[in-house]
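Chemist: Chain residues, written in single-letter form:
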Amino acid sequence: MEKEIKISIRNLQKSFGKKQVLRGVDLDIRAGESLVVIGGSGTGKSVLIKCIQGLLTPDEGSIKIDGEETIGKNARHLRDLNARMGMLFQGGALFDSLSVWENVAFSLLENKKISRDKAKLEAVRVLRQVGLASDVADLSPSELSGGMQKRVGLARAVITRPEIILFDEPTTGLDPIMADVINDLIVESAKGLGATTLTITHDMASARKIADKVAMLYEGKIIWQGTVKEMDKTDNPYVCQFINGCAQGPIKMEF
Amino acid sequence: MMTRNFQNFLRALGKPLVLFIIRFGELVQFLVKTLYHCFAPPFYFKNFGRQLLDMGFYSLPVVGLTTIFAGMVIALQSYSGFARFGAESAVASVVFISVTRELAPVLSALMVAGRIGAAMAAEIGTMRVTEQIDALQTLSTNPFKYLVAPRVWSGLIVLPILVFLGDIIGIFGGYVVGVYKLGFNPANYINSTLENMEALDIISGLVKASVFGFIIALMGCYNGYRSKGGAQGVGEATTNAVVSASILILIFNYILTEVFFSK
Numbered sequence: 050m051e052k053e054i055k056i057s058i059r060n061l062q063k064s065f066g067k068k069q070v071l072r073g074v075d076l077d078i079r080a081g082e083s084l085v086v087i088g089g090s091g092t093g094k095s096v097l098i099k100c101i102q103g104l105l106t107p108d109e110g111s112i113k114i115d116g117e118e119t120i121g122k123n124a125r126h127l128r129d130l131n132a133r134m135g136m137l138f139q140g141g142a143l144f145d146s147l148s149v150w151e152n153v154a155f156s157l158l159e160n161k162k163i164s165r166d167k168a169k170l171e172a173v174r175v176l177r178q179v180g181l182a183s184d185v186a187d188l189s190p191s192e193l194s195g196g197m198q199k200r201v202g203l204a205r206a207v208i209t210r211p212e213i214i215l216f217d218e219p220t221t222g223l224d225p226i227m228a229d230v231i232n233d234l235i236v237e238s239a240k241g242l243g244a245t246t247l248t249i250t251h252d253m254a255s256a257r258k259i260a261d262k263v264a265m266l267y268e269g270k271i272i273w274q275g276t277v278k279e280m281d282k283t284d285n286p287y288v289c290q291f292i293n294g295c296a297q298g299p300i301k302m303e304f
Numbered sequence: 003m004m005t006r007n008f009q010n011f012l013r014a015l016g017k018p019l020v021l022f023i024i025r026f027g028e029l030v031q032f033l034v035k036t037l038y039h040c041f042a043p044p045f046y047f048k049n050f051g052r053q054l055l056d057m058g059f060y061s062l063p064v065v066g067l068t069t070i071f072a073g074m075v076i077a078l079q080s081y082s083g084f085a086r087f088g089a090e091s092a093v094a095s096v097v098f099i100s101v102t103r104e105l106a107p108v109l110s111a112l113m114v115a116g117r118i119g120a121a122m123a124a125e126i127g128t129m130r131v132t133e134q135i136d137a138l139q140t141l142s143t144n145p146f147k148y149l150v151a152p153r154v155w156s157g158l159i160v161l162p163i164l165v166f167l168g169d170i171i172g173i174f175g176g177y178v179v180g181v182y183k184l185g186f187n188p189a190n191y192i193n194s195t196l197e198n199m200e201a202l203d204i205i206s207g208l209v210k211a212s213v214f215g216f217i218i219a220l221m222g223c224y225n226g227y228r229s230k231g232g233a234q235g236v237g238e239a240t241t242n243a244v245v246s247a248s249i250l251i252l253i254f255n256y257i258l259t260e261v262f263f264s265k
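Residue numbers (this note's numbering), protein chains in the order written: chain B, 50 to 304; chain W, 3 to 265.
FYI, nobody ran anything at the bench for these hints, they're computed from the structure. A virtual CB, placed ideally from N, CA and C, is assigned to each residue, including glycine. A portion of the hints provided could be inaccurate.
[To be verified] Each computed DSSO-like pair below joins lysine-lysine, with the alpha-carbon atoms no more than 30 Å apart: (1) Lys35(W) with Lys162(B); (2) Lys67(B) with Lys35(W); (3) Lys68(B) with Lys35(W); (4) Lys68(B) with Lys183(W); (5) Lys183(W) with Lys113(B); (6) Lys122(B) with Lys17(W); (7) Lys67(B) with Lys122(B); (8) Lys301(B) with Lys230(W).
[To be verified] One-sided and incomplete, this derived list gives chain B residues near chain W with beta-carbon spacing under 8 Å: (9) Arg128; (10) Met134; (11) Phe144; (12) Ser156.
Modelling step: build the complete structure from the supplied sequences, incorporating the hints.
Modeler: Structure follows, in structure tokens:
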């Protein structure tokens, strides 16, 4: 039995100046499902995720979460929406003025007004879940390696037990082994929370590991979607070229 | 031919003008948002405290040095200048008036703009390009409330305090030069300062300082907030923050002087 649709995106359009980035994206994500959007650099993947998160306002189209329209709502609504979502940024985007545990516990401290002692305990517990020892908690983010920063970012995204988690290129800039560790953690934490996840990436190894479903974004539209198995069998020339990483094919690189 | 030349002329004139109007509109929009979030809860007192410390306490040495030399030099200058009219006795009041009305507020504000405005733009700009500002929003925290409002409040409050201390230090600088270099009698010098003292001189200086503090914080935050494109963008934002704050300080200095003293 198919679960109900959690996120429903219709005809999403966004331009920057004369450059049209999203040209009508249609996408459905079911509850508890892990959808991976693949696509080349500059195809609008990041813009898509920022529209869902409410960081960018699309020019046209609709994004419904649990059947409720999110576009054009006021700031308070946006805050409530953000409280139900977690996001892992490409570069980690950790606050360098705060310690690691304060980063992880940020929502607890600022929004839920939990005491610092309790928040720290919770932060250390979540840090341990992502494989970081408790002595990391008092370090500053700049003292951590790239992989560790990703883990802290993941911990910060999941500490509030969000219903939806967005991953912006989670494995970019990591070595293959660390990338796989992060992939495992993403799968683990998403399944543990029963969260609906949307990942954007161009790392096919990561996509295969994380995805229940894959969608391909090309020139601002979703041109193909299906399961990982279907992806390997498809004769869609765009998808074939992308997953095999060929320079020859219908996709022309713009320089 | 004529029309072609004229068109080119208009085009050359138009582009910067349109850009200027767009920038100005953005700034006004930023200002309105800032004012709203300065008064709407939640307030982040911890961030406010940190800004008070950075902007106030750590700026004290700079402001002290600036104002003491300003006071000293104005005593020296006015003495040698007033000797031409035989009006050397006015030195004490001239030091008092120039320091409290002009030198302490303007020079301190310019120094703080260089020190703090730049730091604000660099910090917020880096947060922007490393997506930390986006991250704040995804954690249900409004960046205007978390980053901008504490800085603006701190600018409004801290600068008058700094300038008041600067007033005292500057007048002391004038006293030192007057007594030890120019040979005034200490008691006479102090008396002459106190006799001609007016509250408006000090108050106008403090009001100016508050406005300048607001300008410094606003320009620092605005330029940092809209910076893009990595290290170069942040560098540009820092420069713009200091230059625009300094120019606005000089302009508003004139406007406020008009308001207070033109009759």
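Chemist: Each hint needs a verdict: does it hold in this structure or not?
Modeler: Going through the hints against the structure:
Distance restraint check for Lys35(W) and Lys162(B): the Cα-Cα separation of roughly 25 Å lies within the 30 Å cut-off, and the hinted pair is therefore satisfied. With a C-alpha separation of about 27 Å, the suggested pairing of Lys67(B) with Lys35(W) holds against the 30 Å cut-off. Restraint check for Lys68(B) and Lys35(W): the C-alpha separation of about 28 Å stays at or below 30 Å, so the hint holds. Annotation: proposed proximity of Lys68(B) to Lys183(W) is violated, straight-line Cα distance about 69 Å (limit 30 Å).
Between Lys183(W) and Lys113(B) the alpha-carbon distance is near 78 Å, which puts this suggested pair outside the 30 Å criterion. At most 30 Å may separate the alpha-carbon atoms for a hinted pair to count; Lys122(B) and Lys17(W) exceed this at roughly 35 Å. Between Lys67(B) and Lys122(B) the alpha-carbon distance is near 26 Å, which keeps this suggested pair within the 30 Å criterion. Note on Lys301(B) and Lys230(W): the hinted pairing holds, with a Cα-Cα distance of about 28 Å set against a maximum of 30 Å.
Because the closest C-beta pair between Arg128(B) and chain W is about 5 Å apart, less than 8 Å, the hint holds. Annotation: Met134(B) was flagged as interfacial toward chain W, and the flag holds, the nearest CB pair being 7 Å apart, inside 8 Å. Because the beta carbon of Phe144(B) sits about 6 Å from the nearest beta carbon in chain W, less than 8 Å, this interface hint is met. A least Cβ separation of about 5 Å between Ser156(B) and chain W falls short of the 8 Å threshold, and the interface hint therefore holds.
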